[in-house]
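Q: Next come the chains, spelled out residue by residue.
4 protein chains.
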Amino acid sequence: MAIGVGILGGTGYGAGELLRLCALHPNIDVVSVTSREAGKICDAHPHLNGFYSDLFDTEVNVGALSSYDQAVIFSALPHGVSGQTIINLLEETDSDTFKVIDLSGDWRLKSLELHSEFYPKSPIAAELRKKFQYGLTELYRDEISSCSLLANPGCLATASALAAAPIGSLDPIGQIAVDAKTGSTGSGKEPKSTTHHPTRHGNFRGYKPLAHQHEPEFKQAIAPSYTNQLPPMSFLAQSLPIARGIFVSVHAQLENEITSQALIEHLEKFYSTSPFIRVLHELPEIGPVVGTNFCDISGAARGNQIIICAAIDNLGKGMASAAIQNMNLMFGLEETTGLMQPALGPC
Amino acid sequence: MAIGVGILGGTGYGAGELLRLCALHPNIDVVSVTSREAGKICDAHPHLNGFYSDLFDTEVNVGALSSYDQAVIFSALPHGVSGQTIINLLEETDSDTFKVIDLSGDWRLKSLELHSEFYPKSPIAAELRKKFQYGLTELYRDEISSCSLLANPGCLATASALAAAPIGSLDPIGQIAVDAKTGSTGSGKEPKSTTHHPTRHGNFRGYKPLAHQHEPEFKQAIAPSYTNQLPPMSFLAQSLPIARGIFVSVHAQLENEITSQALIEHLEKFYSTSPFIRVLHELPEIGPVVGTNFCDISGAARGNQIIICAAIDNLGKGMASAAIQNMNLMFGLEETTGLMQPALGPC
Amino acid sequence: MAIGVGILGGTGYGAGELLRLCALHPNIDVVSVTSREAGKICDAHPHLNGFYSDLFDTEVNVGALSSYDQAVIFSALPHGVSGQTIINLLEETDSDTFKVIDLSGDWRLKSLELHSEFYPKSPIAAELRKKFQYGLTELYRDEISSCSLLANPGCLATASALAAAPIGSLDPIGQIAVDAKTGSTGSGKEPKSTTHHPTRHGNFRGYKPLAHQHEPEFKQAIAPSYTNQLPPMSFLAQSLPIARGIFVSVHAQLENEITSQALIEHLEKFYSTSPFIRVLHELPEIGPVVGTNFCDISGAARGNQIIICAAIDNLGKGMASAAIQNMNLMFGLEETTGLMQPALGPC
Amino acid sequence: MAIGVGILGGTGYGAGELLRLCALHPNIDVVSVTSREAGKICDAHPHLNGFYSDLFDTEVNVGALSSYDQAVIFSALPHGVSGQTIINLLEETDSDTFKVIDLSGDWRLKSLELHSEFYPKSPIAAELRKKFQYGLTELYRDEISSCSLLANPGCLATASALAAAPIGSLDPIGQIAVDAKTGSTGSGKEPKSTTHHPTRHGNFRGYKPLAHQHEPEFKQAIAPSYTNQLPPMSFLAQSLPIARGIFVSVHAQLENEITSQALIEHLEKFYSTSPFIRVLHELPEIGPVVGTNFCDISGAARGNQIIICAAIDNLGKGMASAAIQNMNLMFGLEETTGLMQPALGPC
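Chains as they are written, first to last, in our numbering: chain A, 39 to 385; chain B, 39 to 385; chain C, 39 to 385; chain D, 39 to 385.
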């Protein structure tokens, strides 16, 4: 099967990673990549030199996509712009021409109130919003398999949800602290002071304490995994002096005591059908997941206290490879198609 | 006043930083620096080239120290070795020849049980142990001013205690999560796999979850600051891909709601007499404390949830400059003497 | 075609990268991986978790290899050990059971004098030495295609030779300066002071000035590309604070003036049949070659002065992927088989 | 003696480093710091928090400066803006009110042709230009001591000149290759694509081959040190993935053979009266000079080939501390006043 692929917003890091993964995927034809900037795709992405010789389109080539029986548009546009562009495209086009996977935050939050608070510049589009399936594969695999509009999860939300979801059936008490750290590519390709090399190098800082937009997202994502009402969550985002990778540590207290071994077995069971979740016997690290769709996860316990840590690549499982994983399911392919490459090792 | 200074274990990072600070201190004469390795001091510390032309001594020159009215021995020896060396020195020497500041963990824990559990290779020396004052200046300033044997705090314990102590009077409920991240110099000068550049660079990992030796230390340190019994603490140590610096985030829930502004004012009040604690209005970062004795701290609140973050230099406020700060107090000098230099800025 | 592969010295970085690339190669069966250390392959290489479930062998399984019509042994053993191990294997085995690709430096230098000077612990084995083909593919493609014993090039030598070879037909005058910079994985997996994170991070240093073992190697490699006698070469190795990648700048003066455009066209022509050499119009950078077999190269001229710069991955084109590239040729496969993946982009 | 100091362009990295050093200098009163941006000095420089509580001025407070018997204005304005601002200030003010040290490139090149080529947006001001003394202290100490207008050297030019000047009396033959590598603070505080953390981290690239503005500058600086005519120079600038520091390697051939020891002795003699040049017996590294005014230098020889390497801090000896060193001489102070601090060690 050949899937025709269009990519909106082709110059950013998300698109660059999508294009890299498309080049490795056996069922994908990249048909059209748009950008406001003119020029060659590989000039915007020097690592793709030799793999994409085409120019950017100014608008996505719907005609070319419609020549495929199966087609999908990935949007890697910024929040706000993405939502409106997709609304316009859907209005202008036959509904079965292409499926949509939006990598922006524009369709993730179901609550209109939370959406308006955290994405004030994005369209609300309440009716269309209901049709977008939230795309954290490991928690919503069945729903994703049958959807045609998908809201791809945020990077910090993905790692936080994967680490915190398994706690839902362990009778947590009190608040759960979710302490998240991310690499600099998470802030995008546009140079800014917080990603200026002299200040990011050798540094570490926290930001948006108890106010980050990925907190309501991961809470929405994991709520169904919690036997009881979701407990209070304390969420902190922090900046790592690396380019790629997210590490989340989750601190919780349980109603009853548990051993580290029982906790790890619980994780193994929780993710037994998820090929990209590697449950480890020691705490994970970022290195072995860079460039991959893997989430490495483990935990430890003492009495009724537990810590669970998860590591992902923010551009991979936190963004582009997760989008491909979702695409695979949406088109009836094996979930792992085109995604089973190991990390580089030390890099 | 000239204070004669001896340094034990002169080749490691702690000694290197002590020597750097001694070169900037107006009241210090470095009299004797010991090492098992022969050679020049500045060959072991290339950054001190031009500042120390002497050779290492094999044993501390007590005779030279005793020619000073005021003298102190800093021990930067490894855990275990340090405690025994100090026991021997104190037995062999007149008790008022020199004061002692031990940078190792050998005298920090008061509980003999906890000490034996976390430092099984260190002497217990229960009687001598009682005479060692724990040296977290901001919490024990008065006791330090009158002591002559001092247990200098651990780096992660210092940052954790400074961040968590102010919560003690805010009626916390449930467990407190202390999430700590440290640079690679904290693991010492001896090359090992966890500080091997290829695996540390661009990486991040957790270690010793709920089992790190600095957890009982900071709990002991802050217990008196807690109005009620110390709540359960969840402690995680993590490795940053930087050389110097510690960042600790503390997540807690309070009995009552509080605003971010009220929380910051509480921190300002708590540390109003501490010249090296800089309470900020935004979350701190590691960069501006590298090479200094400062602890930058701030926090945020939402309802009854709070996050407090603190940043220090693990070799500075977490080790050598804290030792000088304590020395200043122990000899009646101004606490800030020789320590009021700004950080380098971007580096 | 299935090629049976044995790997000697399976715990190091070279073997880790070989194993990663073998997992992506359509014609390779990894049959036996040896190590002095017991344990699982993926425990030594956390990034291969999920890709190799086998244990290390203590000795290479020649019996299993001999069941393949086509087989090859890659040696990733240290210099000295590798040469002797291969001598022993060849003596014990039928000569057509397997081909050999040695990643160590033991067979690279043809001059017995230079070999003895730079590899004093390696066997000389003068007769066997003559049978080893030097494996810089772009300069010795035909010879490699017909050999069965191959000396895989050194990393700094590869980048230096690829940058300096094209100058040979441009009538250089005076000495040529080759200024090489390398990442920390080039020093291997064993922790040592020069790859200790605290001293490597944020640092840069030169080493072995005019005395590095890769200088005679690249001079031997490029001599045939020089119309006249090889001019004097000045070679400096330097340490970059990154994990992977080599950047070499070559400064030369020519008999006649040349333009930058003419120089770049000369490079394009020189490498017109080499699919892994990407000639750029601006100076290269390391990022886009990390994890790949590409060498990005470009240059500039002013009057009769030229600078040529080349970037490779020391573990890729400088080691393991070059070995696979050579293997492809030695077994009649397309040179690019299993190697045409793009770099990760920012990482 | 108290010297009144005004600083123009107070928000950049050069000004930040000047302010840090002024806080450590016993003879400096910082009287006025200007910036186009309103706000507190320490908000622009978080590492100076607690050391500068004043606001930026919109214009330099000449009145306050004139109340000092000795005063100096440092300009850390951008190229072009700086030259014109100084022209205006000098026209408006009594000539003996203050001396001027311009850290920009606006007054460095004596050749009007070269100046116009490399600084096309800067004023030529041919007459005033003659009065500006080029400020590479080690080569022009006497002239600097008696000047009142000083052009502070460029960072790459400083390291290149200090490494290449000693070759002038060694009878070099053929071209000299100067291969320079710099940290990211050298590109300034304004975020841009070449200093964007995701692309700078873990990367290395060359730029402006044979076309960098610091090449004519260092050639002008060292010409008088050359017994014969200056030979052709090949200059390459390259970007290191660190924040601070420059490393320059110089490759040359001599008329006659020399030993490494004789070369090092030559360097020691050449810099025997220069307190900030540390001649080492092994190649230097960047770490031990970060944050200092030191230049560490060494070399090696083989036959008639030599390599000399020099390491400096681009913001220190390459900029702000060199400016203070020059100021010391211009006001009759000891050259080392306020500058003799060791580097941090690992950082």
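Bear in mind the hints are in silico, worked out from the structure with no lab data behind them.
A hint or two may mislead.
[As the list claims (entries may be wrong)] Incomplete in silico selection of chain B near chain D, CB under 10 Å:
(1) 57
(2) 89
(3) 92
(4) 93
(5) 95
(6) 101
(7) 212
(8) 222
(9) 227
(10) 229
(11) 329
(12) 382
Here the structure is a predicted model, which means the values were calculated and not measured.
The C-beta atom is built at its ideal place from N, Cα and C for all residues, glycine as well.
Q: Compare the structure with each hint and give your call.
A: Now for the hints, and whether the structure bears them out:
At its closest, the beta carbon of residue 57 of chain B sits 8 Å from a beta carbon of chain D; the interface hint therefore holds under the 10 Å criterion. Checking residue 89 of chain B against chain D: minimum C-beta separation of about 5 Å stays under 10 Å; hint holds. Of the supplied interface hints, the one on residue 92 of chain B is violated, with its beta-carbon coming no nearer than about 15 Å to a beta-carbon of chain D, more than 10 Å. Interface hint at residue 93 of chain B: violated, since its Cβ lies 17 Å from the closest Cβ of chain D, which is beyond the 10 Å cut-off.
A distance limit of 10 Å between C-beta atoms decides the matter here; for residue 95 of chain B the minimum to chain D is near 21 Å, and the interface restraint is violated. The interface hint given for residue 101 of chain B is broken, as the beta carbon of that residue sits about 28 Å from the closest beta carbon of chain D, more than 10 Å. Taken as an interface hint, residue 212 of chain B does not check out: its beta carbon lies about 33 Å from the nearest beta carbon of chain D, beyond 10 Å. For residue 222 of chain B, the interface hint holds, the least distance from its beta-carbon to any beta-carbon of chain D being 8 Å, beneath 10 Å.
The beta carbon of residue 227 of chain B comes within 9 Å of a beta carbon in chain D, closer than 10 Å, and the hint placing it at the interface holds. Annotation: residue 229 of chain B was flagged as interfacial toward chain D, and the flag is violated, the nearest CB pair being 13 Å apart, outside 10 Å. The beta carbon of residue 329 of chain B is positioned within 10 Å of a beta carbon in chain D (closest approach about 5 Å), and the interface hint is therefore held. Interface hint status for residue 382 of chain B: upheld, as the beta-carbon distance to the closest one in chain D is roughly 5 Å, under 10 Å.
Consistency note: the structure conflicts with the earlier hints numbered 3, 4, 5, 6, 7 and 10.
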